[in-house]
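Undergrad: Chains as they are written, first to last, in this note's numbering: chain W, 1 to 236; chain D, 1 to 827.
Just so you know, the hints here were simulated from the structure itself, not pulled from any lab data.
For every residue, glycine included, the Cβ atom is placed at its ideal position computed from N, Cα and C.
You may find that some hints are simply not true.
[To be verified] Only part of the chain W face toward chain D is listed, based on derived beta-carbon distances under 10 angstroms: (1) Arg103; (2) Thr149; (3) Ala153; (4) Gly155; (5) Ser173; (6) Val174; (7) Gly219; (8) Val232; (9) Tyr236.
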Amino acid sequence: MTDTWPTRTECRFRVLDTPVLAEPDGVLVVPEAGLLVVSDLHFEKGSSFAAKGQMLPPYDTRTTLRRLGEAIDRHAPQTVMALGDSFHDLRADQRMHGADADRLADLVRRAERWIWIEGNHDPAPPPQFGGEVRHEIELAGLVFRHEPTEGPAPGEVAGHLHPCAKVRRKGRSVRNRCFATDGSRLVLPAFGAFTGGLNVRDEAFVRCFGRTPDALVMGRDRVWPVASATCVPDRY
Amino acid sequence: MPDTQSLSPLPARFADWFASRGWSVRPHQVEMIEAARAGEDALLIAPTGGGKTLGGFLPSLIELSDRVGDRPSRDRPHALHTLYISPLKALSVDVARNLMAPVSEMGLDLRIETRTGDTSPSKRQRQRAHPPDILLTTPEQLALFCATANAEAFFRDLRRIVIDEIHAIAPQKRGDLLALGLAAIARWAPDARRAGLSATVADEGGLARWLTAQPADGEPHFARIVRGAAGARPQVDILDPETRIPWAGHSGRHALADVYARIKASKMALVFVNTRSQAELTFQELWNINDENLPIALHHGSLAPEQRRKVEAAMAAGKLKAVVCTSTLDLGIDWGDVDLVVQMGAPKGSSRLIQRLGRSNHQLDNPSRALLAPTNRFEHLECQAARDAVADNALDGEPLKAGALDVLAQHIMGRGCGEGFEADALFTEIRSAAPYAALDRATFDKVLDFTATGGYALQTYDRFRRLIKRRDGLWVARTPQIAQRHRLNVGTIVESPMLDVVVSSRGRGGHRLGQIEEWFVDQLVPGDTFLFAGQVLRFEGIEEMAVRVTRSSDTEPRIPTYNGGKFPLSTYLAARVRDLVQSPDSWHQLPGQVRDWLELQQKRSRLPRSDGLLVETFPRSARFYLVCYPFEGRLAHQTLGMLLTRRLERMRMRPMGFVANEYALSVWGLRDLSGVDFDALFDEDMMGDDLDAWLAESQLMMRTFRNCAVIAGLIERRFPGQEKTGRQVTMSTDLIYNVLREHEPDHVLLKAAWADAGSGLLDIHRLGDALARIRGQIEHIDLDRISPLAVPVMLEIGKEPVYGEGHESILEDVSSEDLIAEAMRLD
């Protein structure tokens, strides 16, 4: 309702010594490496529910791909990295609609370099779409892997936890996806259209960061930095 | 005592029984018997205390008496003769009890049983194998029957169906579900006749049509309408307190001393309030002034059933002086000798008031007495309008709507989980239910496809289908597990998820006080206090899905603002309030304070005209305000506020927020709004693109969609053996809504949600009607300061959440650039 919002959309900061930027749609960019990172795409989560009898819309892959394609067009990165759990399960590629599979293969083909990091949902990402598969990789002074390390891990960029932050103000609250960081390491939000979230006040984050991390909360048009002390648990 | 034999076709056993009680059979009861003999469905409209229930059951009892004579029930074959359906479990239990008296006094050995959500599995099994003569149950239980095998055998012998409080069921989704269930029964038991019972019917023709099967040719059919004699005119007083009447708020604190005095003078009083939080507050305040320790109790839907049963028993035993209650005691349960009904706050509709009046004095010839206690000045106007409406016996009520598609999906799935169905035959059957009489085949096929595969244009789910078409042409559930899961999700009431409230002392033991909405608990921090079950409780934390609390000595608790029970002002009463405001001739009935207020408004600004819209603009402490008075209820006003601020933003008027109450809407901003073209601002075209854009991100719309998704079976309430928490459901439906809206905006479930948005939380239809009504009739007046009529809505600012770009503004408030500078070394 106010008309004073900054026009700047992304949030610039450093992880360890590497400058990065976080975007309101959940994309991380590492400019010096020409790298664009997204995490936890969970392709075909909708159809995995359908296989169990709940007919969720089969369009989550499509939405995720559209948003990913837009981010790639915006940045024209040399390298695109999917930080694990890109496919919701080992049969996701078989359930994927042909048009979606083509679109994905096309995105991979157009990138100079495409890296699939292995996740717990997709320990072996399907080879049919191209790209290289890594368990983890070091780039620009950072190490990228799916599951964040419990205990100190300076320079680590991970996913897996699907961080969310809840804040409260004047009796009302909002809970959105966020990047979780303490300045030395980072956990990316889940990018997939049907992915839920885990509150940054959860124990799982403390086991990694040694404390509740700060949150870079994904708003409608920009990323809002929120101090860990301001984040509240889902419930007491 | 007239000779009942010549007056009516009453068999001797019944005539003797009436005579033994010193009663005579009433004409409407005779007419119900005649209708039954003629094989007609009948809608009985009779005031409370008019022998309505007996009128509904007499035809059944006579037929059963002819059939069974004096044979004991164990010596004859088991067959279900009459099915009784009511909206409340408690009502079924009450009616069963009341029915037993005449039955045993007439020496009939009939099996009369109830079946509700609380009925034990073993009793259910027995009822299935050996049906009682009369089964009393709820719409949900009927839907469950439809979704199980052998439903046909169970209902084959059914002769009569009695639907109680039919006006309360029919306009809702429960009514759609029931209508579909009745259509299914009509196939299995073509001779079963229907009787509908009600005391307050606004749309007699609509209900008479709803009650009876509709023919395939589309020509509407109607049940016979049977009317009981009108009772004595109720006597309704409006409290005119000595104290100052508040401008706004709903506490009613200023009136409680007078209310207490009336309670003291009565035998037993029911004190009705509109919300559960009001019930808690009123109860507490009454006890604060209860110097004589009168036995005053509390009754509302969130209390534990044991607590409620205790209060009901005490009422029946005449041990209570007053009960503070919500709509849980609206419907026809007679718990005792009530001689005064108090309505705290405006009744919101004339039918609701008449229904509540009927709770007092259950003798037809004595007038029921009621006291209306308005909680603020606007409510005085509303109470006056309601009193006039009652004097005219003018009823309002929810209009009947076309059947909801999410309910249809649930029913179709249910039929597939039961006996199975042929698509053509089911389509014909469904169109015999009045709400679905106009259903076209294409829509039916879409809904069928939705239940089977999700109904997506992409058609990728064929191998996962829930319903399959067998070689013999019957559609059935693909696996027994799918059918079982469906049965766990039957019903149309999607309540917000609730958590048990357990009170303990020093962290030990504990007993359950009732249930409270999860979203409310999510706002609490340990140490917060709130009012529940008449006590101030301290929130300690959540353990094993229960809210742990201790008793607190705090005097000022946070009050639970429950979702439940906020009725919007009925369209009918709204029109009467508008009329009242614009005619000073009728103000003599109002208390002096209220009259002065309106006279001052007349002097300082203008009175809103009933056929137009008054818009006032004025500056106040560096802001500019626009206040308008549509009188269309809070929900429609909120939607209007949302759309107006969008438009003003586009006009670069820099609106900052708005707040709505039942009567008015106030919008404020940084620029003077007096020069705005109000005809353009309030143009009906806001219901197009502006509305569409807002719905894309509206939380209310997502909640509406969630309800449809649960009813239609897209998402489940719970899995066998595992309770899914509300949060998980909420998370996923918002995501589903966004994705579906992006890719398939015409999907049947979005259509269902859109239809709901027309009435429910967004009240879009009502807003549309209002905008049409005021077109070209907008009166703008620019003032140099706030007007008297604007005060109540202006007082809501700060109390009610300001709608707008809420989420972003919260984030903006709490976010800190320093954080990055300090902790993350901003470039």
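Undergrad: Against this structure, judge whether each hint is valid.
TA: Do the hints match the structure? See the list:
1. Arg103: violated (13 angstroms)
2. Thr149: Violated. Min distance 20 angstroms.
3. Ala153: violated (17 angstroms)
4. Gly155: violated (14 angstroms)
5. Ser173: holds (7 angstroms)
6. Val174: It holds, given that the least Cβ distance between W:Val174 and chain D is near 4 angstroms, below 10 angstroms.
7. Gly219: holds (5 angstroms)
8. Val232: At 8 angstroms from the nearest chain D Cβ, W:Val232 passes the 10 angstroms test, so the hint holds.
9. Tyr236: At about 5 angstroms, which falls below the 10 angstroms cut-off, the nearest Cβ of chain D leaves the hint on W:Tyr236 intact, so it holds.
Hints 1, 2, 3 and 4 from the list above are not met by this structure, while the remaining hints are.
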